[in-house]
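Participant: In the UniProt record's numbering, the protein residues as written are 1 to 154.
Read the hints as simulated data drawn from the structure, not as lab findings.
Treat the hints with caution; some may be incorrect.
To be verified - Using 25 Å as the maximum straight-line C-alpha spacing, the simulated SDA-like pairs for lysine to any residue come out as follows:
#	residue 1	residue 2
1	Lys54	Glu72
2	Lys54	Asp44
3	Lys54	Met115
4	Lys54	Asp39
5	Lys54	Thr122
6	Lys54	Ser109
7	Lys54	Pro143
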Amino acid sequence: MPNICFDCLVPDVEIDQLAGRFRTLSDILTRDGRVAGADISVSDNPQVAPDISKQLRQTYRDEHHELFESIEQAPRDVAQQRMTEHGLFDPDAAQIHRIMITLDSVSGSVNQIAMLYSRLLTPPAPTSDPATMLFDEQSLEIPARYPWTVIVTR
(Lines of atoms letter the chains of each structure in order from A and count residues from 1; the text may use other names and numbers.)
(Lines give C-alpha, C1' and ligand atoms only; values in the text may rest on other atoms or scores of the structure.)
Protein backbone atom coordinates (compact mmCIF):
# COMPACT_ATOMS: atom_id res chain seq x y z
CA MET A 1 0.00 0.00 0.00
CA PRO A 2 1.37 3.42 -0.91
CA ASN A 3 1.78 6.04 1.78
CA ILE A 4 1.83 9.82 1.45
CA CYS A 5 3.38 11.56 4.44
CA PHE A 6 2.97 15.32 4.87
CA ASP A 7 4.90 17.07 7.62
CA CYS A 8 3.38 20.53 7.90
CA LEU A 9 3.50 23.57 10.14
CA VAL A 10 -0.03 24.12 11.45
CA PRO A 11 -1.39 25.93 14.51
CA ASP A 12 -2.91 23.45 16.97
CA VAL A 13 -6.31 25.16 16.76
CA GLU A 14 -6.46 24.49 12.99
CA ILE A 15 -5.26 20.88 12.70
CA ASP A 16 -8.64 19.20 13.29
CA GLN A 17 -10.28 21.23 10.54
CA LEU A 18 -7.38 20.54 8.17
CA ALA A 19 -7.52 16.80 8.93
CA GLY A 20 -11.24 16.92 8.15
CA ARG A 21 -10.48 18.42 4.75
CA PHE A 22 -8.00 15.59 4.08
CA ARG A 23 -10.70 13.06 5.00
CA THR A 24 -13.23 14.78 2.74
CA LEU A 25 -10.80 14.66 -0.19
CA SER A 26 -10.15 10.97 0.57
CA ASP A 27 -13.89 10.31 0.40
CA ILE A 28 -14.08 12.08 -2.97
CA LEU A 29 -11.11 10.13 -4.36
CA THR A 30 -12.72 6.88 -3.19
CA ARG A 31 -16.11 7.85 -4.63
CA ASP A 32 -14.50 8.71 -7.98
CA GLY A 33 -12.57 5.43 -8.14
CA ARG A 34 -9.09 7.00 -7.90
CA VAL A 35 -8.41 4.85 -4.81
CA ALA A 36 -10.22 1.92 -3.22
CA GLY A 37 -9.74 3.54 0.16
CA ALA A 38 -7.63 6.03 2.07
CA ASP A 39 -6.85 6.06 5.77
CA ILE A 40 -5.83 9.39 7.31
CA SER A 41 -3.90 9.61 10.58
CA VAL A 42 -2.57 12.74 12.26
CA SER A 43 0.40 12.87 14.63
CA ASP A 44 1.15 15.92 16.71
CA ASN A 45 4.76 16.97 17.06
CA PRO A 46 6.30 13.99 15.19
CA GLN A 47 10.00 13.28 15.21
CA VAL A 48 11.46 15.26 12.29
CA ALA A 49 14.97 16.38 11.52
CA PRO A 50 15.72 19.73 13.17
CA ASP A 51 16.48 21.30 9.82
CA ILE A 52 12.98 20.40 8.55
CA SER A 53 11.32 22.23 11.42
CA LYS A 54 13.60 25.22 10.94
CA GLN A 55 13.05 25.21 7.18
CA LEU A 56 9.24 25.13 7.45
CA ARG A 57 9.23 28.03 9.90
CA GLN A 58 11.62 30.06 7.74
CA THR A 59 9.62 29.30 4.60
CA TYR A 60 6.51 30.67 6.27
CA ARG A 61 8.36 33.84 7.31
CA ASP A 62 9.91 34.26 3.85
CA GLU A 63 6.66 33.77 1.96
CA HIS A 64 4.85 36.30 4.16
CA HIS A 65 7.80 38.65 4.75
CA GLU A 66 6.07 41.82 3.56
CA LEU A 67 3.18 41.35 5.98
CA PHE A 68 5.48 40.33 8.82
CA GLU A 69 7.67 43.40 8.27
CA SER A 70 4.70 45.75 8.52
CA ILE A 71 3.34 43.92 11.56
CA GLU A 72 6.67 43.90 13.42
CA GLN A 73 6.61 47.71 13.54
CA ALA A 74 3.24 47.78 15.31
CA PRO A 75 2.55 47.51 19.05
CA ARG A 76 1.94 43.92 20.22
CA ASP A 77 -1.89 44.13 20.44
CA VAL A 78 -2.13 45.80 17.02
CA ALA A 79 0.31 43.27 15.56
CA GLN A 80 -1.83 40.38 16.84
CA GLN A 81 -4.95 41.94 15.32
CA ARG A 82 -3.22 42.44 11.95
CA MET A 83 -1.99 38.84 11.95
CA THR A 84 -5.55 37.65 12.52
CA GLU A 85 -6.92 39.95 9.81
CA HIS A 86 -4.40 38.59 7.29
CA GLY A 87 -4.86 34.96 8.34
CA LEU A 88 -1.29 34.71 9.60
CA PHE A 89 0.00 32.71 12.54
CA ASP A 90 3.19 32.87 14.56
CA PRO A 91 5.42 30.18 13.04
CA ASP A 92 7.33 29.83 16.32
CA ALA A 93 4.11 29.08 18.22
CA ALA A 94 2.84 26.51 15.69
CA GLN A 95 4.05 22.93 15.75
CA ILE A 96 4.79 20.34 13.13
CA HIS A 97 1.98 17.89 12.47
CA ARG A 98 2.27 14.73 10.40
CA ILE A 99 -0.62 13.75 8.17
CA MET A 100 -0.14 10.18 6.97
CA ILE A 101 -2.32 8.92 4.15
CA THR A 102 -2.37 5.18 3.48
CA LEU A 103 -3.89 4.43 0.09
CA ASP A 104 -5.49 1.20 -1.03
CA SER A 105 -5.51 0.20 -4.72
CA VAL A 106 -4.51 3.42 -6.46
CA SER A 107 -5.75 4.02 -9.99
CA GLY A 108 -3.14 6.20 -11.68
CA SER A 109 -0.20 8.08 -10.24
CA VAL A 110 0.41 8.22 -6.49
CA ASN A 111 2.43 11.42 -7.03
CA GLN A 112 -0.55 13.01 -8.76
CA ILE A 113 -2.77 12.09 -5.82
CA ALA A 114 -0.17 13.55 -3.43
CA MET A 115 -0.34 16.83 -5.35
CA LEU A 116 -4.13 16.85 -5.03
CA TYR A 117 -3.76 16.60 -1.25
CA SER A 118 -1.09 19.32 -1.32
CA ARG A 119 -3.73 21.77 -2.59
CA LEU A 120 -5.22 21.65 0.89
CA LEU A 121 -1.96 23.13 2.18
CA THR A 122 -1.18 25.51 -0.69
CA PRO A 123 -4.27 26.65 -2.59
CA PRO A 124 -3.91 27.35 -6.32
CA ALA A 125 -3.32 30.93 -7.37
CA PRO A 126 -6.20 32.61 -9.19
CA THR A 127 -5.60 32.68 -12.92
CA SER A 128 -7.34 34.80 -15.49
CA ASP A 129 -5.38 35.39 -18.65
CA PRO A 130 -3.65 32.38 -20.26
CA ALA A 131 -1.10 34.71 -21.92
CA THR A 132 -0.12 36.11 -18.54
CA MET A 133 0.33 32.57 -17.30
CA LEU A 134 2.92 31.96 -20.03
CA PHE A 135 4.98 35.06 -19.31
CA ASP A 136 4.54 35.64 -15.58
CA GLU A 137 4.98 32.39 -13.71
CA GLN A 138 5.38 34.31 -10.43
CA SER A 139 1.71 35.30 -10.67
CA LEU A 140 0.88 31.61 -10.29
CA GLU A 141 2.78 31.34 -7.00
CA ILE A 142 1.02 32.11 -3.74
CA PRO A 143 2.30 31.48 -0.23
CA ALA A 144 1.45 28.16 1.38
CA ARG A 145 -1.16 28.46 4.08
CA TYR A 146 0.73 25.72 5.86
CA PRO A 147 4.37 25.09 4.84
CA TRP A 148 4.92 21.40 4.18
CA THR A 149 7.17 18.60 3.01
CA VAL A 150 5.97 15.35 1.49
CA ILE A 151 7.37 11.84 1.17
CA VAL A 152 5.69 9.21 -0.99
CA THR A 153 6.50 5.55 -0.33
CA ARG A 154 5.23 2.31 -1.78
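Participant: State for each hint whether it applies.
Facilitator: Each hint, compared with the structure:
For a cut-off of 25 Å, the pair hint linking lysine 54 to glutamate 72 stands: about 20 Å separates their Cα positions. As the CA atoms of lysine 54 and aspartate 44 are separated by approximately 17 Å, the hinted pair is consistent with the 25 Å bound. Restraint check for lysine 54 and methionine 115: satisfied, since their Cα atoms lie roughly 23 Å apart, inside the 25 Å limit. Distance check on the hinted pair: lysine 54 and aspartate 39 sit about 28 Å apart at the alpha-carbon level, beyond 25 Å; violated.
A hinted pair counts as satisfied when its Cα atoms are at most 25 Å apart, and lysine 54 with threonine 122 qualifies at roughly 19 Å. For a cut-off of 25 Å, the pair hint linking lysine 54 to serine 109 is broken: about 31 Å separates their Cα positions. With a C-alpha separation of about 17 Å, the suggested pair lysine 54 and proline 143 falls inside the 25 Å cut-off, and the hint holds.
When each numbered hint is compared with the structure, violations occur for hints 4, 6.
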